[in-house]
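Chemist: With chain A fixed as given, assemble chains B and C onto it according to the hints.
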Amino acid sequence: MSVKYTDEHEWIRVDGDVATVGITAYAAEQLGDVVFVELPAVGKTVEKGGDAAVVESVKAASEVYAPVSGEVVEVNEALNDAPQTVNEAAEGDGWFFKIRLSDTSQLDGLMDADAYKAFVDSQ
Amino acid sequence: MRYLPHTDQDRADMLARIGVGSIDDLFADIPADKRLKAPLDLPPHCGEMEVARMMRGLAAKNLSAVETPFFAGAGAYRHHVPAMVDHIIQRSEFLTSYTPYQPEITQGTLQYLFEFQTQVANLTAMDVANASMYDGSTGTGEAVLMAHRVTRRNKAVISGGLHPQYRAVVENLSQMADDRLDILPPDPAGSEDIIARIDDETSCVVVQSPSFYGQLIDMKPIAEACHAKGALLVAVFTEVVSLGLIEPPGAQGADIVVGEGQSIGNGLNFGGPYVGLFATRQKYVRQMPGRLCGETVDAEGSRGFVLTLSTREQHIRRDKATSNICTNSGLCCLAFTVHMTLLGEAGITRLARINHAKACRLAERLDAITGVSVINESFFNEFTVRLSEDAAETVERLTERGIVAGVPVSRLEPHNPDLADMLLVAVTETTTDDEMDRLVTALQEVA
Amino acid sequence: MVNSQGRPTQPQAGSENSSGTDRPTFTGNRALQLEEPLIFETGRTDITGVDLAEPDEFASRLGGHGRTAPIDLPALSEPEAMRHYVRLSQKNYAIDMGLYPLGSCTMKHNPRLNEQSARLPGFSDIHPLQPQSTVQGALELIHELGRWLVTITGMQAVAMSPKAGAHGELCGMMAIKAALTARGKTPTKVLVPESAHGTNPATAALLRYSVVDVPARKDGTVGADEVKRLIAEHAGDIAAIMLTNPNTCGLFEPEIAEIAEAVHEAGGFFYCDGANLNAIMGKARPGDLGVDAMHINLHKTFSTPHGGGGPGAGPVVLSGALAPFAPLPFVEKDGNAYRLVETEHDDGGSHPFGRMTAFHGQMGMFVRAYAWMLSHGSDGMKQASEDAVLNANYVRAGLADLMSLPYPDHPSMHEVLFDDSFLKDTGVSTLDFAKAMIDEGYHPMTMYFPLVVHGALLIEPTESESRASLDLFIATMRDLVMAAKGGESERFTGAPHFAPRRRLDETRAARNPILKWAPPAPYEEAAE
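Protein chains in written order, with the working numbering: chain A, 1 to 123; chain B, 1 to 447; chain C, 1 to 528.
Looking at chain A on its own, in the form it has when it is part of the complex (with noise of 0.2 Å):
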């Protein structure tokens, strides 16, 4: 299955109806070392757009904003204990949550790796 991502640098990977969704590794760069990671309730309901996680280092707080509209259905428990895997492997072990997505033809507008690095490279 594809990663598509936003121009927030978040990305995400759909499996089904669920999509998994994290913070780029340029974004994980951009921050510095991540310290504390406030990841939403399980059974929370996002809309694309919206407020869904925050992720912090020393300097800087961001929010992370849900890619599409659905509802949590798991989260990265282990990112309270090890934030740094953040750092260490965004767009693997540092996902954030999961959400069963309400409307697949929101994926269509997001960027896919090759759209991302071009944006990245503007930035």
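Keep in mind that the hints were calculated from the coordinates and are not lab data.
Hints are supplied without guarantee of correctness; some may be wrong.
[As the list claims (entries may be wrong)] What follows is a list of derived Cβ distance ranges for each label pair:
| hint | chain 1 | residue 1 | chain 2 | residue 2 | range |
| --- | --- | --- | --- | --- | --- |
| 1 | B | Asp41 | C | Lys485 | 49 to 55 Å |
| 2 | C | Ala475 | A | Gln84 | 39 to 45 Å |
| 3 | B | Glu445 | C | Gln90 | 53 to 59 Å |
| 4 | B | Ala32 | C | Lys485 | 37 to 43 Å |
| 5 | B | Lys34 | C | Glu265 | 17 to 23 Å |
Note that CB positions come from ideal geometry on N, CA and C, so glycine has one too.
Modeler: Positioned in the frame of chain A, the structure of chains B and C alone reads:
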């Protein structure tokens, strides 16, 4: 002007170096029609001797609490502060330092803040304390906002035993933030049924013990009722010395403890600056307002301290910060922590016992006067007496005799005739037998 | 007989070369740099540094509320405590030691007359709720200080009770919200420039306003056109603009009067952050610029000491439109007597929006600030502002050829802003540069603020610095810039080398917060 180092020649040379003709060239961005043409309508500068004379003149118009039998409390208390405390807080390195944003050259401030946080946490039996709020009243307002953030509910229940001015601060803040409050009527006897007011929408219950009226409150059942409904218990105190003797709020199940720390290390100062103490459970630390100091190591592995969890604060989080607080009560924390270090466990316990013993003795003597009755079942160092006449008038008449008899409840609760005959009387280790004799005699004569 | 006994009176030949600087000492101390443990590691719970006599037997009235567990508070005797705190104090930098160029913080000299005045028993030992007839001098001082503040700023009224700048901001914005409510208006938005202090958006959010960012122009100032455009875009929904003037780039906002007019026309109010009042005393009055509310940091402009982070005091001056909504309490002059109005019961014609704090504000700070004002007078305050602006521009003139000025088109006011482009390709960051200043005996300037320029360095020397002091500072900065450009990166990246601590690990502190002392777990020792 003794505080300005430049001579006129210096100024001229510096302007030449900058490359402008006159100082006003540097103010050129002020629109011409908005520049002040005439000097401010205020007197010219004064020498140190003259200013000192003016300040002494103003000070002499006030009756100092150390010169007279003095029983006023109600959230500010006359205590003895060891001489060393003032010496330490006047040291240049503490007095004239900024907020410790550069930890390598402010370890002095940071270490005492870490010690302060630990003392406050231990005293209240809570997990973690911050490095201070402005005072107890504003801290209480922050506690209610924090409970809102933690529970995501916006209705706070306020006890009738809360200091009326603290209540007013909470009311103001909540009203402006569009939060709801359920405020119970004044409760001198500590007999209100606050538990009945807790429901599924309650964010927190705010209870003060010793209450504004001096009553000690059993907070355990309130804490249990709060937790059963998913609400927080905010425990407030205005006399921190009481914690030397009474069960700490943390042991009674409080989720946020907030109080006034003035009694330790800080003078009366006509109401400020004081120091707000603020403590909570570990799990809520990221919702806490204010600065936090934490332990870490430096590049060589030596222990050191830094301000931490700053992402909660306004300078990083801006409109998503937990509070807008920036400057707090740094030097008052230092005064608190120096005094507390001198006291220690043995000292604070004994100090509290002396306060309580003296209050018990005075309460007994006042209660024996015809027309005067102590209304509290239990108290620490302050209690409420009911007089046979308007308490404000009694205070005025005793003031003419050079005795400050206490604080009439009507000064803070002016709209309530039921409270007009009530007087708050505070006693501390500074209260002498002679002062008590004079109050008892005077009340016998006027009551 | 010649006596050959006695101590050597010259350093031994060759000792200047024997390297001792890296040699560890047995104690960990380095001569006057003394290591100091925590009181919890040295104190004891069975001693006390305060003599108190145990009271006679008495019947307790605690009613079963007595403490049952120990508190765990160690004590030190007085000589031990004295050493502890004096040693700690020696790990701090302070304005009394040297230049403290923190932009936007106004670290000026703190006269000791002010400290002495605040400690007069007639000020320090009076109770906030003792009868008003016994505190007439205190009420007079508050009233007079308020009059000075109103005169300096050209405003109509003042609320004295706010406890610090951010609290004053909250007070001013509450007065605005109350005035709007009284007009039957409920706008939801507040305009805040990107360059604003973090307290501004935080305050707006506390009052449930949403923040609309106002971008800065290329020259670092806010344009009236942009403000008008945003007002039109959010027509009818703007409660206020929160503007700092002089702004945080150290520039006077040239279009401020036009901006004020536009906001007023739209039914909004103009909140001015007064953190930078030190630049304009006696030169311009916020009241003439259309300001409706402005807090004044007595701990900046009026020199009450910062005390390592407080206490401050943040009185708020108000325009005629907001004056009726000023919070309780306030002081009124009634013939020769002063009256403290504490409750709505006796407020007369005003509509106080509520109460900011218990009691009446930061009296201890009022005394200090009033002594400062009396000392300076009308002429001295104007001179202080002129010298503050002169000093900032002198530093700018001394550094402009080597460092990078993002806004060269306007003169600086009391502080000068540089960005980090002069460090490009040196491998030295703004932070490294600041830490290297520590090794040279200076407190760094404000860094990474304001957010509108990259790697900001904001320098505010204040009027307290002599020309000689500024010359040495400029020379030091020039030497550091040359070193950075000359590739001496180890002077920066490892800095500070000579402070009581090297760079501290903030990531570790935030990932695993240790916020209070806990006794070391005994089993850890056994495990090793």
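Chemist: Determine for every hint whether it applies to the structure shown.
Modeler: Hints and how they fare:
1. B:Asp41 <-> C:Lys485: 49 to 55 Å: holds (51 Å)
2. C:Ala475 <-> A:Gln84: 39 to 45 Å: holds (43 Å)
3. B:Glu445 <-> C:Gln90: 53 to 59 Å: The hint (53 to 59 Å, Cβ to Cβ) holds, given that Glu445 of chain B and Gln90 of chain C are roughly 57 Å apart.
4. B:Ala32 <-> C:Lys485: 37 to 43 Å: holds (41 Å)
5. B:Lys34 <-> C:Glu265: 17 to 23 Å: Cβ of Lys34 of chain B to Cβ of Glu265 of chain C: about 19 Å, so the range 17 to 23 Å holds.
The structure shown violates none of the earlier numbered hints.
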